[in-house]
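Enquirer: The listed protein sequences derive, respectively, from chains V and R. Sequential numbering from 1 applies to the first sequence in our numbering. Sequential numbering from 1 applies to the second sequence in our numbering.
Don't read these hints as lab results, they were simulated from the structure. C-beta: ideal position from N, C-alpha, C; glycine also. Each hint should be verified, as a subset may be incorrect.
Stated by the list, open to error - Here are the computed lysine-lysine pairs in the DSBU-like style, where the Cα-Cα straight-line distance is at most 35 Å: (1) V:K77 - R:K32; (2) R:K272 - V:K70; (3) R:K231 - V:K77; (4) R:K231 - V:K70; (5) R:K358 - V:K167; (6) V:K233 - R:K32; (7) R:K12 - V:K167; (8) R:K202 - V:K233; (9) V:K12 - R:K366; (10) V:K223 - R:K270; (11) R:K270 - V:K109; (12) R:K323 - V:K113; (13) R:K32 - V:K219; (14) V:K113 - R:K252; (15) V:K189 - R:K44; (16) R:K12 - R:K202; (17) R:K320 - V:K12; (18) R:K323 - V:K167; (19) R:K366 - V:K146; (20) R:K235 - V:K77; (21) V:K12 - R:K4; (22) R:K320 - V:K146; (23) V:K219 - R:K44.
Stated by the list, open to error - Covered stretches of chain V, going by a simulated chain R footprint (3 or more residues, C-beta under 8 Å): (24) 10-23; (25) 41-47; (26) 153-161; (27) 230-237.
Stated by the list, open to error - Pair by pair, the computed Cβ-Cβ distance ranges are: (28) V:G50 - R:K39: 48 to 54 Å; (29) R:R197 - V:N202: 54 to 60 Å; (30) R:G308 - V:K51: 36 to 42 Å; (31) V:G50 - R:Q248: 21 to 27 Å.
Residues per chain are reported as follows:
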Amino acid sequence: MIMQDIGNLEEKSAYIIRETKEKFGNVAALWSGGKDSTAMIMIARRAFLGKVPFPVIHIDNGIDFPETYKFRDDLAKKWNLDLIVAKSRIKPELSGFSCCGSNKTDALKEVMKEHGFDALIVSIRRDEHGIRAKERYFSPRDTEFKWNYKDQPAELWNNYSSKMDTKGHVRVHPILDWNEIDIWQYTMKMKVPVNPLYYSSNGYRYRSLGCTHCTVPVKSNAKSIRQIMDELKVTETEERAGREQDKEKAYVMEKLRALGYM
Amino acid sequence: MDIKRVTLLGNKDHGKSTLIGSLLIATGSATKQRIEEAKNVSRKLGRNFEPGFILDSFEEEREGGLTIDTTRAQITYKDAAFEFIDVPGHEELIGNMISGASYGDFAVLMVSAKDGEGITEQTRRHLMLAKLLGISRVVVAVNKMDAVAYKKEKFELIMDAVNGFCTNIGFEPGSVVFVPISAYNADNLVKRSARIRWYVGKPLMELVYEAASAKKRSSNGLRLLFQGTIKSGRKTLYTGKIVNGRLQRGQKIRIMPVGRNAVVNSIYVKGKEMRTASEGQNVALEIFGAHATRGCVGFDLESNPRCGTEFNAMVFSVEKIPKKVQLRMNGSELMADVAVFGEVDLKSGRIKEAHSIKPLGTGKAKIRLLESTIIESAIECPEMGRFLLYDSGRFAGIGIID
Numbered sequence: 001m002i003m004q005d006i007g008n009l010e011e012k013s014a015y016i017i018r019e020t021k022e023k024f025g026n027v028a029a030l031w032s033g034g035k036d037s038t039a040m041i042m043i044a045r046r047a048f049l050g051k052v053p054f055p056v057i058h059i060d061n062g063i064d065f066p067e068t069y070k071f072r073d074d075l076a077k078k079w080n081l082d083l084i085v086a087k088s089r090i091k092p093e094l095s096g097f098s099c100c101g102s103n104k105t106d107a108l109k110e111v112m113k114e115h116g117f118d119a120l121i122v123s124i125r126r127d128e129h130g131i132r133a134k135e136r137y138f139s140p141r142d143t144e145f146k147w148n149y150k151d152q153p154a155e156l157w158n159n160y161s162s163k164m165d166t167k168g169h170v171r172v173h174p175i176l177d178w179n180e181i182d183i184w185q186y187t188m189k190m191k192v193p194v195n196p197l198y199y200s201s202n203g204y205r206y207r208s209l210g211c212t213h214c215t216v217p218v219k220s221n222a223k224s225i226r227q228i229m230d231e232l233k234v235t236e237t238e239e240r241a242g243r244e245q246d247k248e249k250a251y252v253m254e255k256l257r258a259l260g261y262m
Numbered sequence: 001m002d003i004k005r006v007t008l009l010g011n012k013d014h015g016k017s018t019l020i021g022s023l024l025i026a027t028g029s030a031t032k033q034r035i036e037e038a039k040n041v042s043r044k045l046g047r048n049f050e051p052g053f054i055l056d057s058f059e060e061e062r063e064g065g066l067t068i069d070t071t072r073a074q075i076t077y078k079d080a081a082f083e084f085i086d087v088p089g090h091e092e093l094i095g096n097m098i099s100g101a102s103y104g105d106f107a108v109l110m111v112s113a114k115d116g117e118g119i120t121e122q123t124r125r126h127l128m129l130a131k132l133l134g135i136s137r138v139v140v141a142v143n144k145m146d147a148v149a150y151k152k153e154k155f156e157l158i159m160d161a162v163n164g165f166c167t168n169i170g171f172e173p174g175s176v177v178f179v180p181i182s183a184y185n186a187d188n189l190v191k192r193s194a195r196i197r198w199y200v201g202k203p204l205m206e207l208v209y210e211a212a213s214a215k216k217r218s219s220n221g222l223r224l225l226f227q228g229t230i231k232s233g234r235k236t237l238y239t240g241k242i243v244n245g246r247l248q249r250g251q252k253i254r255i256m257p258v259g260r261n262a263v264v265n266s267i268y269v270k271g272k273e274m275r276t277a278s279e280g281q282n283v284a285l286e287i288f289g290a291h292a293t294r295g296c297v298g299f300d301l302e303s304n305p306r307c308g309t310e311f312n313a314m315v316f317s318v319e320k321i322p323k324k325v326q327l328r329m330n331g332s333e334l335m336a337d338v339a340v341f342g343e344v345d346l347k348s349g350r351i352k353e354a355h356s357i358k359p360l361g362t363g364k365a366k367i368r369l370l371e372s373t374i375i376e377s378a379i380e381c382p383e384m385g386r387f388l389l390y391d392s393g394r395f396a397g398i399g400i401i402d
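The following block holds chain V by itself, in its conformation from the complex (with noise of 0.2 Å):
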């Protein structure tokens, strides 16, 4: 896995975050508790001197890891955040695509409508999948949130969409180019706190994290972010290897992106 400059990257990220609080008038961001949403944030902070300049969302289906929600709580706190929790309901009888498609989907529409947001900062990367690859940095959603991929707004030097450029909202994403291994370079260059799970307990450790049901540990004995750091530069397997709904068939993160999916 490549390492990259992470102050170019981050001249970048903040870039992006700035013009995003420029160009739309209500703008929210995804926050998750996991070492990408919790950069984003830090890169924030940055840019805006201290003080993050719009409410971070976390989709709460109610199964996330205890540890999950003491993060958040513990840091929302210390960093004086606007958080909002949405909290989506669990349909025992579904799993995997469906859980994911019609739960965190569904529990995100129903926060977008009620606060109106026209932008939302998602903490995607390309490295992470095939699909988000494909992604712009400033991508528009139509009303039902659906992704229309094959006809994307021309996005080039520095010109992005806007809200004019939809009549639903525009998804942005400032740290698309990163890749894992800057995210943790970044996170311990800038002492962003870190998730508990995210290093070795007996074995194994979470390498991305979901919720209970579908998140599963990858064999660790990384205790720090350096050693982190190390196991991801010899790496064989992908980050959301530990992801169910991504391995269930074939082309599912394209249709779950496609529906509204994060």
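Guided by the hints, dock chain R onto chain V, whose structure is given.
Expert: Okay, now just chain R, sitting in the frame of chain V:
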């Protein structure tokens, strides 16, 4: 490490996705899991292993064998890292192609040597676009050499034709280099191939490595593009990005097009107060003496910024460009009149007189604005000398100031 971005250009079906797939494998840059996945999908579709499937991840792309939107793949070679940007080759997706290509520092152009393929209108159009997008170095990979029995004459024919066209559209001598390859068989990708002994040059990755080390030139004055404002306590700070030069605390700057001087009282970079800031950094500034709105540019006092309502530009038309358009430049949106006076002949690369530009064509135009703005040529400062054209909200084209 900084990743060098390589745009992959060329006609559809000339093997771009296959090349990236093969490079990912040959350089050891793809995980076993991804290779396995590509093998499984190839098998499911009842085909031989297609290296391009490591990349093309939309169901429709795999089954239809086309790239619909930009894809990126990271490849390590020697001490460097490259991101290959695979753009769609077919016409109807030119917006996607331009978006992808605009992120590259230099390009690899694929031309198939196979009979009936060769140099096409699309090949020339991509070269034209590369020039417009500021790509100054191109490695031409003459692909599918296996389909022509690795014959030298086939390679040379393509080389001569591409060279001629590139000279006419303004590429400097020596900035376009050639290598014969087979992306599918991995000939001349990372190592010299024993099947092409007549070729004494370097393999593709070595040429890419050399193209990446070429220095880009930059002017030395301050160019600060103002983005907007943020609040910090009771203070209002101006945000912006330095695209050229340096800025110091206490420095006097000239803000255009308003034409007023201001003093920079404090500079914040990544949340911290700093004495100086430099190229590439996003700043938040406290300034006294003038206001700066989005679209304004800050210059040092030695620079001599040109402002006006008229300039000549090279324009690429995505859709028919009407006489009245919206121009997006430096964060501003301006209404403009476009008067075309020349079009590039795609066969030869030369400019001929014309009064309109056909869709997917390139031409010369005089642009007239309703209000005065800063006019800086794309050669002097690429970030400031380029613009997008919109027709009632639809993306219609791109341009660079002469």
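Enquirer: With reference to the structure, classify each hint as holding or not holding.
Expert: Quick rundown of the hints versus the structure:
no., hint, verdict
1, V:K77 - R:K32, "violated (42 Å)"
2, R:K272 - V:K70, "holds (29 Å)"
3, R:K231 - V:K77, "holds (21 Å)"
4, R:K231 - V:K70, "holds (31 Å)"
5, R:K358 - V:K167, "holds (31 Å)"
6, V:K233 - R:K32, "holds (14 Å)"
7, R:K12 - V:K167, "holds (33 Å)"
8, R:K202 - V:K233, "holds (29 Å)"
9, V:K12 - R:K366, "holds (33 Å)"
10, V:K223 - R:K270, "holds (29 Å)"
11, R:K270 - V:K109, "holds (33 Å)"
12, R:K323 - V:K113, "violated (40 Å)"
13, R:K32 - V:K219, "holds (17 Å)"
14, V:K113 - R:K252, "violated (47 Å)"
15, V:K189 - R:K44, "violated (45 Å)"
16, R:K12 - R:K202, "holds (26 Å)"
17, R:K320 - V:K12, "holds (33 Å)"
18, R:K323 - V:K167, "holds (28 Å)"
19, R:K366 - V:K146, "violated (40 Å)"
20, R:K235 - V:K77, "holds (24 Å)"
21, V:K12 - R:K4, "holds (15 Å)"
22, R:K320 - V:K146, "holds (29 Å)"
23, V:K219 - R:K44, "holds (30 Å)"
24, 10-23, "holds (count 8)"
25, 41-47, "holds (count 3)"
26, 153-161, "holds (count 7)"
27, 230-237, "holds (count 3)"
28, V:G50 - R:K39: 48 to 54 Å, "holds (50 Å)"
29, R:R197 - V:N202: 54 to 60 Å, "holds (58 Å)"
30, R:G308 - V:K51: 36 to 42 Å, "holds (41 Å)"
31, V:G50 - R:Q248: 21 to 27 Å, "holds (24 Å)"
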